[in-house]
Every structure is written in structure tokens, then in C-alpha cells.
Amino acid sequence: MRKQTFPRGIHPPEYKSITEDQKLESLEPPKKVFIPLNQHFGKPADPLVKKGEEVLLGQKIGDSEELFSAPVHSSVSGKVLFIKEHPHPLGSPVQTIIIANDGKDTPHQDTKGAQDPFSLKPEDIRKRVRQAGIVGMGGAAFPTAVKLSPPKGKPIDTVIINGCECEPMLTSDYRIMLEYPEDIIKGAQIIRNATGADRILISIEDNKLEAFELFKQKMNGFPGDVALVKTKYPQGAEKNLIYALLNREVPSGGLPFDVGVVVQNVGTVKAVWDVVSSGKPLFERAVTVSGPGIKEKKNLMIRIGTPFQNAIEHCGGFNEGTNMLIMGGPMMGLAQWNLEIPVIKGTSGLIAWKQEAPPKEMPCISCGRCVQHCPMGLVPTQLQNYSRHELYEEADQWGALDCVECGCCQYICPANIPLVHWIRLGKNAVTQMRRKKKSG
Amino acid sequence: MKQNTFVLKSSPHFRDKDSVSKIMYTVVLSLIPAVIASVYFFRLKAVLIYITCVATCLATEAVFLKVRKKDLRSLWDGSAIITGMLLAMTLPPSLSLDLVIIGSVMAIALGKQVFGGLGYNVFNPALVGRAFLQLAFPVAMTTWIPPVTLNVNTATFATPLGNLKFQSSLTQGALIPLKDLFWGNVGGCLGETSAAALLLGALFLLFRRVIDWRIPAGVISSLILFTGAFWLAQPDSYASPLFHVLAGGLIIGAFFMATDMVTSPINPLGTWIYALGIGVLVGLIRLFGGFPEGVMFSILFMNTFVPLINRYTRPRILGERRGAS
Chain A
1 MRKQTFPRGI
11 HPPEYKSITE
21 DQKLESLEPP
31 KKVFIPLNQH
41 FGKPADPLVK
51 KGEEVLLGQK
61 IGDSEELFSA
71 PVHSSVSGKV
81 LFIKEHPHPL
91 GSPVQTIIIA
101 NDGKDTPHQD
111 TKGAQDPFSL
121 KPEDIRKRVR
131 QAGIVGMGGA
141 AFPTAVKLSP
151 PKGKPIDTVI
161 INGCECEPML
171 TSDYRIMLEY
181 PEDIIKGAQI
191 IRNATGADRI
201 LISIEDNKLE
211 AFELFKQKMN
221 GFPGDVALVK
231 TKYPQGAEKN
241 LIYALLNREV
251 PSGGLPFDVG
261 VVVQNVGTVK
271 AVWDVVSSGK
281 PLFERAVTVS
291 GPGIKEKKNL
301 MIRIGTPFQN
311 AIEHCGGFNE
321 GTNMLIMGGP
331 MMGLAQWNLE
341 IPVIKGTSGL
351 IAWKQEAPPK
361 EMPCISCGRC
371 VQHCPMGLVP
381 TQLQNYSRHE
391 LYEEADQWGA
401 LDCVECGCCQ
411 YICPANIPLV
421 HWIRLGKNAV
431 TQMRRKKKSG
Chain B
1001 MKQNTFVLKS
1011 SPHFRDKDSV
1021 SKIMYTVVLS
1031 LIPAVIASVY
1041 FFRLKAVLIY
1051 ITCVATCLAT
1061 EAVFLKVRKK
1071 DLRSLWDGSA
1081 IITGMLLAMT
1091 LPPSLSLDLV
1101 IIGSVMAIAL
1111 GKQVFGGLGY
1121 NVFNPALVGR
1131 AFLQLAFPVA
1141 MTTWIPPVTL
1151 NVNTATFATP
1161 LGNLKFQSSL
1171 TQGALIPLKD
1181 LFWGNVGGCL
1191 GETSAAALLL
1201 GALFLLFRRV
1211 IDWRIPAGVI
1221 SSLILFTGAF
1231 WLAQPDSYAS
1241 PLFHVLAGGL
1251 IIGAFFMATD
1261 MVTSPINPLG
1271 TWIYALGIGV
1281 LVGLIRLFGG
1291 FPEGVMFSIL
1301 FMNTFVPLIN
1311 RYTRPRILGE
1321 RRGAS
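Chains A and B, in that order, are what the protein sequence lines are. One point on numbering: in this note's numbering, the residue at position 406 of the first sequence is 406, and numbering is uninterrupted. One point on numbering: in this note's numbering, the residue at position 6 of the second sequence is 1006, and numbering is uninterrupted.
Wrong hints could be hidden among the right ones.
Listed next, the in silico BS3-like pairs over lysine-lysine satisfying Cα-Cα at most 30 Å (straight line) [unchecked claim]: (1) Lys23(A) - Lys152(A); (2) Lys31(A) - Lys3(A); (3) Lys1045(B) - Lys360(A); (4) Lys3(A) - Lys1017(B); (5) Lys218(A) - Lys230(A); (6) Lys360(A) - Lys1070(B); (7) Lys1165(B) - Lys1045(B); (8) Lys295(A) - Lys1017(B); (9) Lys31(A) - Lys43(A); (10) Lys354(A) - Lys1165(B); (11) Lys360(A) - Lys1022(B); (12) Lys1070(B) - Lys1022(B); (13) Lys1017(B) - Lys354(A); (14) Lys32(A) - Lys1045(B).
Just so you know, the hints here were simulated from the structure itself, not pulled from any lab data. From a predicted model like this one, the values you see are computed outputs, not experimental measurements.
Whenever a hint applies, use it, and build me the whole structure from the sequences.
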């Protein structure tokens, strides 16, 4: 079989064998959960409960009227202790609902599935997905209901189920694929129904052959294909994956809708199936806890709002000298500073290690490796130069906003230049500049 | 709760193991076969020139780093050593050591540090040093001695290209055979004569992906096309393209000088333009110019265009429609 892929990209060490055979293990819910009202791309939710109120497992405790938002749910049953600012994985503190767990996990009564999920109307599916607070679980946390609402005039023909998991060290998606293949396949049908697409493509990197074989076997009777793609970073990046599978290019500044595609991560698809089949909202997720800094590396099923501390302790704690904790994978993950920070809907992994002092930054020697490896076809060294010198007009012309911050350029840079860091700053400035131009 | 202090930095958190100095020392290593060949052909003269060049380049670099209040550890990033080695390889073996010192100082000072040091220079530093010597001391820079291995005893001796240009060796049937050009048993600059030794090092660099294959491919193919066209039309008046590839400084230029990362384009398309330009210019100078050899000036000339080339050869961004915005 021909393995599809995209041009350029990199091959970082994978380190997946460390945890790939570790079955998903349920982490005991903590005594207190910390549910941030903002765990998604878009507007934060408003709290629906008050201090002192009793809440049940799966009860909606925050919501918003905005389109680009998602509700949040209690991941335990118990009593609301506080609603206040709490440290958050994305950096700045966020309004957070803190709930004391009564240990009973009394389920909320509203949580019921549909009689026949496959006959649900698209509108109905979207409503259920929205109510369940489902967001993209690959890490970007884009509200899924929005992704399932193709704008008029942009018909969708293909649903891509993203099982690439191209980030090194992470195996949470892989475990979901091995342990819940039917849920994913059925969830994919629901997404196809919601978007009106004809075709389902489940894409898996060729370092996960076991999952590939399993899906090929389980697809029996269901429409759709399983596609094996080359193991290369960032194979799972939306635009690169669409190019690899369908040879279509999402226009610069556009969305997969523009080329008739919807891409959903396997974890998200399982969450969609959960809500339409049983009514279960999104209050737990699979998280890989790995890296040389962790004593016992594991794949855990963790309730949203569980502090990192609980997950780390369950994995035997940190090894001596560990001084770095990353939420997500080593290529795009966010460095964390506090163990009270909770697991949120976009937490795919917790990776820890001992970070040595980085080598000295050297001047760019124009080796061109960043250009040869940029999956978006950008010139990273030029972009960082423009950004350093605040030449944002030029940065915009050279496609700064097309950068997906995958980190290939900085990974490969022999001069150890923090390319992504500078480009990120440049992107912010370009966005602001564009906004000013529009309004002024 | 036990308090950990965590390192905070932005992604990515993984890094390839290659580094600037690793790249530099790989190049140093790749030059060793050619250094050995030149010591074999020119003996003590060669050893003295290499030592003088590298030592003077390092000393000049150290002075500049000190004056510019830069980290002195950069001295050992390997780049000054390469400049010294490459400059030595482009000098006539008969050159007196005081001129060697002047050339080395100029290579680092004028070729590199006045622009801001490593990464900021426009021209290949070694070639700047050589160009200075060529313009200031033209006679010394064109006085050649035969390699020790040739066993000839003449006061004046010419390079194969000099023979071709000034002594009409082609019409007299005295053109240096290709075999001698390939192994290096001819007159010429210290390190440029042995194509075999240079190619051995170049293969290593290509294999380690330190140099971009497009540059030697472009330079050599355009030189072959250019000189080949004239040769096919009038084989009696023009030397064969293969002679042009193996003679003079073309091999060292195409694989070790033009490929200098700092002074060559970063985008693949730009790299082709740059390489093809060098090959055509070499052909033009050799066939119709006043000098027998044109590799140095061709590379320096194309170096000038690199910023411009980089500007106009931006790759196509995924999803970009050209001319749309």
C-alpha cells in the first residue's frame, strides 16, 4: 500500500514504545476538582452554579451564548467550594469552579443517550455535541459543534478521522484507538451524518500498525477507509494531513471547510459517540504521563479538573532532578510551572524531564534547513528576522500568519535560534496590525 | 505540597543534535584529504602555508572578538579554521609567508568581521583574502612552481589553464592530460590541484548533508553546457568541458567555496540560480576574459546577489495562491 504524506517535515525521536503498551488506567477522582471556565478556543463560559451549591457528575456548571465557546461540566459529584481565579495550563489564571468531591459520583439525571443515534438529524447532533462541551481533543480545543457546522455553500465531502498522533512520546490517542475502536467508527458515522459528507477516512501513522490492522478489521460493514500515512512530524497537523490524503490545499487563512473537509481527532470522535449513545458529556480524557522525569510512565483516564499533582503522584512521582513539566507533546506542548494546575479538555499528555541549560544561541549561518523542513513552505529564518526588527509588514507578506508553530524549524536549527518564539511574537503583532488597519 | 521549580520555555522542547560548530568541524574534516594531497605534492611549503594561514586567521578573529567584546569561545566554533584552510588552498605554493599573513588578516578582517562576524558576511571570507592578494600582489599570485612529484626543473612554470590561455597549448597539442588533472600532478594553487582528494571530501559532505548538492550540480552542469557549446562548435580552438571541470579551482570552488552556507542562498530555487550563475561566469571569464581562471571572481560576484536572490525566490506557501493578494 502506498503511504501518503506531505512535503518536508522532520523525524524527531518517537519514544512511543515507552507507554504504547500501557493500558488506559482510570485515575481515582481527586478530593477537589478545579474546572476552569475556559478550556477551549473562544469565549470563556459563564458559571451556572453558585458557591455552596450541590452538583452532580456530568452536570453542566458553565455555559455561554457565544458560538465560539463550549460549556463545562462537573467531573465529580459534590459541593461548589469557590469560584475564583486559579492557575491554568495556558499561562494566565482563569476563573475556575472548585468542587469538593463527595466520592459518590452520583450521575446527573439529564445525561441520556438517543434511542437510535444514527437517525439523529444534523441539527440534533450539533446540539448534543455542543451541550456535552466537546472540543477538539488533539490539543487545539476548537469547539467541535462549530466544526460540525459547515457554512452554506461549502459542501463537505470527506470526514478525516485523525489518528496520526505525530507528537513524540504521546500514546493517549493510540490507546483510545486500540481500546475503543467501535466507538470511534460509530462516532465517525455520526460526524459524517452531521456534516453531510460521503466519505470517511481514518488516518493512522505507520508506526501504529496494530491500530491500523484493528481498524481495517473492525470497519467491516461500515462505510469508510483506513489510510496508512507515513510517520513524519507534523503528519497530524490538519492542513498537512488534508494535503497528504486528498492532495488538497487549504487556502492560506482558510479552514478545512474551504476544501470540503472536516478533520476530527480520534479522542473527539469517541467523545461524540459517548454523548449521542449514552448522553455522557466531556468530563474525562486520556492523558499520557511519560518522559524521563516520571517514575512509572502510564496512560491514564483522568477526570477534567484533576490537578497535575494527582496524576504525577499516581505515576510514582518525579525522578530526581526533574525540572520541566510539559502539557502536551515535546514539540508543541506548553511548559508548566505549578502542580495545582488542572488537567483540561486539551491535555493530551504530561511529559517531564530534567532540562539541561540550553546551548548558546549562535548567529544564523543561512544553512536553509528551516526552509527545507517547514511543512508550510515558509522561510522561518527570514520571519524571525523580520520579527526581531519589528518589520511586521514584511513578516505579513512572507506569510507569518500561515505558521502553525509546529516547531520543525527550531528543532532542526543548528544555531539554536528560538525561531518559533520570535515568529509567535511576530504573528501577534501582525494580527494586531491587520486589525488596526481594518478599523482605522 | 512539595514545591518544584520548573523551567519555563516556549515550544518546541526537542532539538536536533546538530550544531554550528559540528557543521564547521565536519567541513574541516572533509578538507583533510586535499590537505594531505597538497603536502604530498608541495611538501614543506604546503605545511608552512597551512599553519601560517590557520594561525593568522585565528589570531585576527581573536583580536576582533576581543575588541568587539564578544565571547572568546566563538573563536573555536571552527569557522576561522575553515577560512584559514580554504585560503591556504587557494594560494600559489611559492607565495612568501608575509603575503600569506596579509591575506589571512584580510580574509578575516575584511571578509568577515567588518560585516559583524559569523553569519553576517556577504562574501566568502577566504576568497576575499585571496582577491586582496591577487589585486595587491598580482605577480606573486601568478608565479607557479611545479609539484615536487613532477621532477622538472624550470624557473617558470604554468598552470594548466595558464597554458591554455597564454601558450596556446591546445593548438600545439600540449594540453595537460585529464588524468594528471584528476590526481593533481600539475601546477596550481596549493589545494586545488587534486580533484580526486577534493571529491573524496566532498562526497563526505554530501553524505552528511552539510552541503547542498544543488550548488556543485548547478555550477558544474552550467560550466559544462557553456564550455561544451563552444567545444562542439570548434573543437580545435576550445578545450573540452571535462578539462574545464577538472582544471584550476573549479572543483574546490563548486564543492567547498560556493557551498559556504552563510554566503549562498537559503531557498532551493535561489540556490539553482546562484549555482548556474557561477558556472556561466567561470566559463565566460575562462574563454573570453583576461584571466586564465575565473572561479574566485565568479563566486564573489554571485555572493553579491545572494540577498537579492533570497528576496525574490520565496518558496510557495502551502495553500497560497500566487498573485491573489
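Cross-check of the supplied hints:
no.	hint	result
1	Lys23(A) - Lys152(A)	violated, 42 Å
2	Lys31(A) - Lys3(A)	violated, 47 Å
3	Lys1045(B) - Lys360(A)	violated, 39 Å
4	Lys3(A) - Lys1017(B)	holds, 28 Å
5	Lys218(A) - Lys230(A)	holds, 22 Å
6	Lys360(A) - Lys1070(B)	holds, 13 Å
7	Lys1165(B) - Lys1045(B)	holds, 27 Å
8	Lys295(A) - Lys1017(B)	holds, 26 Å
9	Lys31(A) - Lys43(A)	holds, 28 Å
10	Lys354(A) - Lys1165(B)	violated, 65 Å
11	Lys360(A) - Lys1022(B)	holds, 14 Å
12	Lys1070(B) - Lys1022(B)	holds, 20 Å
13	Lys1017(B) - Lys354(A)	holds, 17 Å
14	Lys32(A) - Lys1045(B)	violated, 80 Å
Hint check: violations occur at hints 1, 2, 3, 10 and 14; the rest are consistent with the structure.
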